[in-house]
Amino acid sequence: MSTADTLSKRRAKPAQEASVGAALPDLELKKAPSQQRAVETYERILAACAELLGEVGIERLSTNLVCQRAGISPPALYQYFPNKYAILHELGMRLMTVQNELLTPWAVPATFMLPEPAFAGSVAELFLQTMELTAHMPAGVWVTRALRAVPSLQHVRNRSHDFVTDMLLLPFMDAHPRANRAQARLTIRLAIDALYAAQELLFDDPSLDPQAVAATMAEMVAGQMMRLRRG
Numbered sequence: 001m002s003t004a005d006t007l008s009k010r011r012a013k014p015a016q017e018a019s020v021g022a023a024l025p026d027l028e029l030k031k032a033p034s035q036q037r038a039v040e041t042y043e044r045i046l047a048a049c050a051e052l053l054g055e056v057g058i059e060r061l062s063t064n065l066v067c068q069r070a071g072i073s074p075p076a077l078y079q080y081f082p083n084k085y086a087i088l089h090e091l092g093m094r095l096m097t098v099q100n101e102l103l104t105p106w107a108v109p110a111t112f113m114l115p116e117p118a119f120a121g122s123v124a125e126l127f128l129q130t131m132e133l134t135a136h137m138p139a140g141v142w143v144t145r146a147l148r149a150v151p152s153l154q155h156v157r158n159r160s161h162d163f164v165t166d167m168l169l170l171p172f173m174d175a176h177p178r179a180n181r182a183q184a185r186l187t188i189r190l191a192i193d194a195l196y197a198a199q200e201l202l203f204d205d206p207s208l209d210p211q212a213v214a215a216t217m218a219e220m221v222a223g224q225m226m227r228l229r230r231g
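Numbering (full-length UniProt numbering), first residue to last: 1 to 231.
Since the hints were made in silico from the structure, they are not lab data. Only a predicted model underlies this, so the values are computations on that prediction, with no experimental measurement involved. There may be inaccurate statements among the hints.
Claimed, not checked - Only pairs whose alpha carbons sit at most 20 angstroms apart, straight line, appear in this in silico SDA-like list of lysine to any residue:
id : residue 1 : residue 2
1  : K31       : V56
2  : K31       : E59
3  : K30       : V98
4  : K31       : A110
5  : K31       : G57
6  : K30       : S62
7  : K30       : A118
8  : K30       : P105
9  : K31       : T104
10 : K30       : A76
11 : K30       : G54
12 : K30       : I72
13 : K30       : L46
14 : K31       : E51
15 : K30       : G57
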């Protein structure tokens, strides 16, 4: 099963879970487009939202602005999305899926058997690749910020990080079956969050050197992973 398939199956639950005890916006699609014309309209909505997000920011973004930019009427938008947060949710799911797909060739036992310097180098390279991919995705940086700043969207990032943790844990344990599984899972989960936070910092502070940040974070992660190997 692909990353996209797995994450898509998790779309419905988070909105329901997040709404318990709180008046959070509905994130579920009203319906999925089926006909070609409907798909084109759906994609125009997403593209317009991505463009506007970088221009006006999260707070000023509205469905009316999206409709104007996409050249459609509000009823056409509301066929698919109940509010602007549902559009951001879809953009976030797409970004997380594409980011996670970078891991597929990396997440193998051979990676976790590399000596520390080589492993750190591979982590740094993956870090920079993820940054570049995000920067080139439509509104990728702003979608990243939305996943952090908007309470109803935070589950997208959290569930994606949980998925990646399990994705990396399996090849690590295959490579090092004597390692403490619970500690390995915790270490990998914390490493993913730390690397993601470092990328957000680079997006927020362009004065920092991405190469230096990548190398420093990779060395920190590699050091922890080596400790796990030694048991």
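Hint by hint, here is what the structure shows:
For the hint linking K31 to V56, the alpha-carbon distance of about 27 angstroms lies beyond 20 angstroms, and the restraint is violated. Distance restraint check for K31 and E59: the Cα-Cα separation of roughly 25 angstroms exceeds the 20 angstroms cut-off, and the hinted pair is therefore not satisfied. Of the supplied pair hints, the one linking K30 and V98 is violated, its CA atoms being roughly 24 angstroms apart against a limit of 20 angstroms. For the suggested pair K31 and A110, the alpha carbons sit about 43 angstroms apart, so the restraint of at most 20 angstroms is broken.
A threshold of 20 angstroms between alpha carbons decides the hint, and for K31 with G57 the separation of about 26 angstroms lies outside it, so the pair is violated. Between K30 and S62, the direct Cα distance comes to roughly 18 angstroms. Compliance with the 20 angstroms bound is thereby established for this hinted pair. Taking the CA atoms of K30 and A118, the gap is near 48 angstroms; set against the 20 angstroms cutoff, the hint is violated. Of the supplied pair hints, the one linking K30 and P105 is violated, its CA atoms being roughly 35 angstroms apart against a limit of 20 angstroms.
Between K31 and T104 the alpha-carbon distance is near 30 angstroms, which puts this suggested pair outside the 20 angstroms criterion. The suggested pairing of K30 with A76 holds, with an alpha-carbon distance near 12 angstroms, which does not exceed 20 angstroms. A threshold of 20 angstroms between alpha carbons decides the hint, and for K30 with G54 the separation of about 26 angstroms lies outside it, so the pair is violated. Distance hint between K30 and I72 is fulfilled; the C-alpha atoms sit about 17 angstroms from each other, no more than 20 angstroms.
Straight-line distance between C-alpha atoms of K30 and L46 comes to about 15 angstroms, which keeps the hinted pair within the 20 angstroms bound. As the CA atoms of K31 and E51 are separated by approximately 23 angstroms, the hinted pair breaks the 20 angstroms bound. Straight-line distance between C-alpha atoms of K30 and G57 comes to about 25 angstroms, which puts the hinted pair past the 20 angstroms bound.
In the structure shown, a violation is registered for the earlier hints numbered 1, 2, 3, 4, 5, 7, 8, 9, 11, 14 and 15, in ascending order.
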